[in-house]
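Heads up, the sequence shown is in full-length UniProt numbering, so the first residue is 1 and it goes up one at a time.
It should be emphasised that the hints constitute simulated quantities derived from the structure, not laboratory data. One or more of the hints may lead you astray.
Each computed DMTMM-like pair below joins lysine to aspartate or glutamate, with the alpha-carbon atoms no more than 20 angstroms apart [stated by the list, open to error]:
1. 173 to 68
2. 173 to 61
3. 135 to 123
4. 135 to 101
5. 173 to 62
6. 173 to 123
Note that the structure is a prediction, hence the values are computed from the model and not measured.
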Amino acid sequence: MARTEIWLRLMYVGDLYGEAMLNMANSLIRQPQINRTHLQEAGLTARQAERFLQLPAGVLDETLRWLELPQHHFLCADSEIYPPQLRAIDDYPGAIFIDGDPACLHTCQLAVVGSRSHSWYGERWGRLLCESLAKSGLTITSGLARGIDGVAHIAAVSMGGKSVAVLGKGLAKIFPRPHGVLAGNLIATGGAVVSEFPLSPPPLPHSFPRMSRIR
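Kindly generate the complete structure, drawing on both the sequences and the hints.
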């Protein structure tokens, strides 16, 4: 089984993070063939092993086709270009999908978090702050949601600055839909859209705390 396929299957299992996930991947990569015994020896439970083996072929094919596009990337935690600030947290993502330029993840960043139903005051000062910081060279990082997230990304792009969007879902479809154009704009200006989730799953309530820990 190819290295990328092993990582994709581990992502599909879900709820695997940090050193444990990295050690599982490295253990499985060394195996010429992978069966349930190898999976459990690597540290997966019987239920996790079953999910690993049941990754639908269509999901795997869709992901591999997505990765063929030049601006699409898949970074594992042992990659030399994996963002070091992510490795600093205990439950860092074992791998991430990136649509855009991975280099922007190594720039100095400011995370912006705010209400989806912002006030006029919040919008104005959020926009002015992010415009000023983006103009000075900081990368503005947020979640591409409605409200202040969108304000922050738009402000950075309007100044020709870089912006990173960290999503609580897969990258196959941008959500909310009206922000698809915004995602394209921030990629065009040297930014990126990032996710630790498999390519296609929709946004789920438990996904957003996971997203918030890495942005």
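Broken hints, by number: Violated: hint 6 alone.
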